[in-house]
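Asker: Build the full structure now, drawing on both the sequences and the hints.
Here is how the chains run, residue by residue.
Protein chains: 4
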Amino acid sequence: MTDGHQAADPQALAERVADAMWARDAASQYFGMRIVAIGPGTATLTMTVQPTMLNGHQTCHGGMIFTLADSAFAFACNSQNHVTVAAGCSIEFLAPAREGDVLTAHAAEQGASGRTGVYDIVVTNQEGRKVALFRGKSHRLAGHVVEA
Amino acid sequence: MTDGHQAADPQALAERVADAMWARDAASQYFGMRIVAIGPGTATLTMTVQPTMLNGHQTCHGGMIFTLADSAFAFACNSQNHVTVAAGCSIEFLAPAREGDVLTAHAAEQGASGRTGVYDIVVTNQEGRKVALFRGKSHRLAGHVVEA
Amino acid sequence: MTDGHQAADPQALAERVADAMWARDAASQYFGMRIVAIGPGTATLTMTVQPTMLNGHQTCHGGMIFTLADSAFAFACNSQNHVTVAAGCSIEFLAPAREGDVLTAHAAEQGASGRTGVYDIVVTNQEGRKVALFRGKSHRLAGHVVEA
Amino acid sequence: MTDGHQAADPQALAERVADAMWARDAASQYFGMRIVAIGPGTATLTMTVQPTMLNGHQTCHGGMIFTLADSAFAFACNSQNHVTVAAGCSIEFLAPAREGDVLTAHAAEQGASGRTGVYDIVVTNQEGRKVALFRGKSHRLAGHVVEA
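Protein chains in written order, with our numbering: chain A, 577 to 724; chain B, 577 to 724; chain C, 577 to 724; chain D, 577 to 724.
Hints are not guaranteed to be accurate.
What the hints assert, rightly or not - Sample of chain C residues lacking proximity to chain D, with all beta carbon distances greater than 12 Å (derived): (1) Ala-588; (2) Ala-613; (3) Thr-618; (4) Thr-620; (5) Thr-624; (6) Pro-627; (7) Met-629; (8) Ala-645; (9) Ser-647; (10) Asn-654; (11) Ala-663; (12) Gly-664; (13) Glu-668; (14) Gly-687; (15) Arg-691; (16) Lys-713.
Stated by the list, open to error - Per label pair, the in silico range of CB-to-CB distance: (17) D:Gly-690 / B:Gln-634: 17 to 25 Å; (18) A:Thr-624 / B:Val-678: 29 to 37 Å; (19) B:Val-659 / D:Arg-610: 24 to 32 Å; (20) A:Val-612 / B:Gly-608: 44 to 52 Å; (21) B:Arg-691 / D:Thr-628: 29 to 37 Å; (22) C:Gly-615 / B:Arg-691: 24 to 32 Å; (23) A:Thr-624 / B:Gln-587: 46 to 54 Å; (24) A:Gly-608 / D:Ala-588: 23 to 31 Å; (25) A:Ala-718 / B:Val-678: 48 to 56 Å; (26) A:Gly-608 / B:Gly-608: 15 to 23 Å; (27) B:Val-659 / A:Gly-608: 38 to 46 Å; (28) C:Glu-723 / B:Tyr-606: 52 to 60 Å; (29) B:Pro-627 / D:Arg-610: 52 to 60 Å.
Claimed, not checked - In silico negatives: residues of chain A with every beta carbon more than 12 Å from chain D: (30) Gln-626; (31) Gly-676; (32) Ser-689; (33) Thr-700; (34) Asn-701.
Keep in mind the hints are simulated off the structure, nothing from the lab.
Glycine included, C-beta positions come from ideal geometry on N, C-alpha and C.
Answerer: This is the structure in structure tokens:
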């Protein structure tokens, strides 16, 4: 398969970009995240809530739920091989997450305007219950994640 | 000093609540946060960016900046000893944070309506540059953090 | 058809609530909005951009796009006959709207937690292009919009 | 006074820009807004709640409160004479506004990053009570509002 062919295949390109990003994404690895699916404009990641992720109310720190969603957002918004960063994000918390819960964050592009994109990320637990709704605004910089 | 006196002293109460929350806040401890100031409706926390906090762009994962701000928000919105949780939050990223940066998050109440409060948290780096602006909406539950 | 039957029929109830709200919603009428669809947890409204709705850049004032989306949100979040108000909203602007454009706002419930609900509203123009993405957080009060 | 002098005076420039924007801002005029103060990065506007601005709950439509805040945001973020538009906004509603209330929206820049700025707008009523907190993200385009 030639590079030209890969560049022309959005799914293959999304996978190459994800592999490259993952290899240097210390935080997502450190928190035990796993990429379970990737595609052009989409990403699905999972993370199990560890004892070290609990807050003073003995539920998962909102920051950790955000971090999982933000990683899914990053993999989704870079999937077309343009270096893209988060400009801003909002999150609504619908249900607490507990130690041992396996959280899944699914990110999908909702729209774009110039260098800005909007992505929605839904975080669910192992029972399919919605834990949080995250909306991310991305900003595309110059440059590519991997060589075309 | 009697308990009744302490309850009547908002600053002392805020400090007692913060001590109790901190003791069981595994996540904030785990990330090396420090409470540098606490008051009625306010909290200031710091955190140093560790190598494990870097994302695929080799800057601090937005989720870690959010987590610091969210902890400051939690200490501020519980400081009057009503058990209070985050309902939703938004964050705008203004500048990247790098490994070794010492981030400070200052939280202050901006307004309230019934059981809902709005808090603004400003995250700055060691040079005083604004790294992120966070706005949190809190929701007060029944119960107290510490005995009055 | 008995009142009891109507109360048990979510679609009929949503329509009765919408009729009652519309009759006293001076603003939505004033701006020429029209309800094109209503259902349990959903609402679709349209509005044509008038010359009086233009801002200093000669495009539709963002506040008017927000107002249309906010009305769709209100009809959707009250559709189950619990008096419900907006607690907070966010909007991302993707494309400008021009004089004469016919905007459509479609609102749908995304999740709920206690008395709080989250609704997404998509605003499109007559060509189907996304003009704005709006996310509303609702807060349910006591009382009903119409008698059961 | 030469144009060069005016360009060098941020306050005079902010006033010239506001005059030019106001002259063509049909919506802000139509709703009876008034500019009560303008400065580099800041703007204060007022609006009286009219009967046509009420929603189905007989309080001021959230969209009208948003519109006032959004106008203040627009005057503040264009005040340095770079054509600037809203990319996204969020609003938290703290208290209802009633017919006849005189609302004041004060906008001030909080930070910037490249072409993006963050502005906070506080909406109060005639008693000084906070009605809403609005946060706007601006995006600077090419071009100037007035000739330098």
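Asker: Decide, hint by hint, whether the structure agrees.
Answerer: Checked hints:
1. Listed as outside the interface, Ala-588 (chain C) is consistent with that label: its C-beta sits roughly 19 Å from the nearest C-beta of chain D, beyond the 12 Å cut-off.
2. No Cβ of chain D approaches the Cβ of Ala-613 (chain C) within 12 Å, the least distance being about 18 Å, so the stated non-interface status holds.
3. Residue placement check: Thr-618 (chain C) keeps its beta carbon more than 12 Å from all beta carbons of chain D (closest about 17 Å).
4. With 12 Å as the threshold on Cβ separation, the claim that Thr-620 (chain C) sits away from chain D holds: the shortest Cβ distance comes to roughly 17 Å.
5. No Cβ of chain D comes within 12 Å of the Cβ of Thr-624 (chain C); the nearest lies about 14 Å off, and the non-interface call holds.
6. A beta-carbon of chain D is positioned within 12 Å of the beta-carbon of Pro-627 (chain C); the least distance is around 6 Å.
7. Once the 12 Å rule is applied to beta carbons, Met-629 (chain C) is inconsistent with being away from chain D; the minimum gap is 5 Å.
8. With a closest Cβ-Cβ approach of about 8 Å to chain D, Ala-645 (chain C) is found to fall inside the 12 Å limit, against its non-interface label.
9. Annotated as non-interface, Ser-647 (chain C) brings its C-beta within 12 Å of a C-beta of chain D; the closest such distance is 7 Å.
10. The claim that Asn-654 (chain C) lies off the interface is violated: its Cβ sits roughly 8 Å from the closest Cβ of chain D, which falls inside the 12 Å cut-off.
11. Non-interface status of Ala-663 (chain C) relative to chain D is broken: a Cβ of that chain comes within 12 Å, the nearest being about 6 Å off.
12. Listed as outside the interface, Gly-664 (chain C) is inconsistent with that label: its C-beta sits roughly 4 Å from the nearest C-beta of chain D, within the 12 Å cut-off.
13. A beta-carbon of chain D is positioned within 12 Å of the beta-carbon of Glu-668 (chain C); the least distance is around 4 Å.
14. With a least CB separation of 18 Å from chain D, Gly-687 (chain C) remains clear of the 12 Å interface cut-off, as annotated.
15. The non-interface label for Arg-691 (chain C) is consistent with chain D: the shortest C-beta to C-beta separation is roughly 15 Å, beyond 12 Å.
16. The Cβ of Lys-713 (chain C) sits about 9 Å from the closest Cβ of chain D, inside the 12 Å cut-off, so the non-interface label is violated.
17. Checking the proposed 17 to 25 Å range against Gly-690 (chain D) and Gln-634 (chain B) shows it holds: the Cβ atoms sit about 19 Å from each other.
18. A C-beta distance of roughly 30 Å is found between Thr-624 (chain A) and Val-678 (chain B), which places it inside the suggested range of 29 to 37 Å.
19. Taking the beta carbon of each, Val-659 (chain B) and Arg-610 (chain D) are about 44 Å apart, not inside 24 to 32 Å as hinted.
20. Distance hint check for Val-612 (chain A) and Gly-608 (chain B): the Cβ-Cβ separation is about 30 Å, which falls outside the suggested range of 44 to 52 Å.
21. Restraint check, Arg-691 (chain B) to Thr-628 (chain D): a C-beta distance of roughly 32 Å satisfies the suggested window 29 to 37 Å.
22. A C-beta distance of roughly 30 Å is found between Gly-615 (chain C) and Arg-691 (chain B), which places it inside the suggested range of 24 to 32 Å.
23. Distance hint check for Thr-624 (chain A) and Gln-587 (chain B): the Cβ-Cβ separation is about 40 Å, which falls outside the suggested range of 46 to 54 Å.
24. Gly-608 (chain A) and Ala-588 (chain D) have their C-beta atoms about 58 Å apart, which leaves the hinted 23 to 31 Å range violated.
25. For Ala-718 (chain A) paired with Val-678 (chain B), a C-beta distance near 30 Å fails the hint of 48 to 56 Å.
26. Our hint of 15 to 23 Å for Gly-608 (chain A) and Gly-608 (chain B) holds, since their Cβ atoms are close to 19 Å apart.
27. For Val-659 (chain B) paired with Gly-608 (chain A), a C-beta distance near 29 Å fails the hint of 38 to 46 Å.
28. For Glu-723 (chain C) paired with Tyr-606 (chain B), a C-beta distance near 54 Å keeps the hint of 52 to 60 Å intact.
29. The given range of 52 to 60 Å is respected by Pro-627 (chain B) and Arg-610 (chain D), whose C-beta atoms sit roughly 54 Å from each other.
30. The claim that Gln-626 (chain A) is not at the interface with chain D holds, since no C-beta of that chain comes within 12 Å of its own (minimum 31 Å).
31. Taking the minimum C-beta to C-beta distance to chain D, about 33 Å, the non-interface status of Gly-676 (chain A) holds against the 12 Å cut.
32. The beta carbon of Ser-689 (chain A) sits about 8 Å from the closest Cβ of chain D, which is not more than 12 Å, so the claim that it is off the interface is violated.
33. The Cβ of Thr-700 (chain A) lies farther than 12 Å from every Cβ of chain D, with a closest approach of about 24 Å, so its non-interface assignment holds.
34. The Cβ of Asn-701 (chain A) sits about 26 Å from the closest Cβ of chain D, beyond the 12 Å cut-off, so the non-interface label holds.
Against the hints set out earlier in the document, violations occur for numbers 6, 7, 8, 9, 10, 11, 12, 13, 16, 19, 20, 23, 24, 25, 27 and 32.
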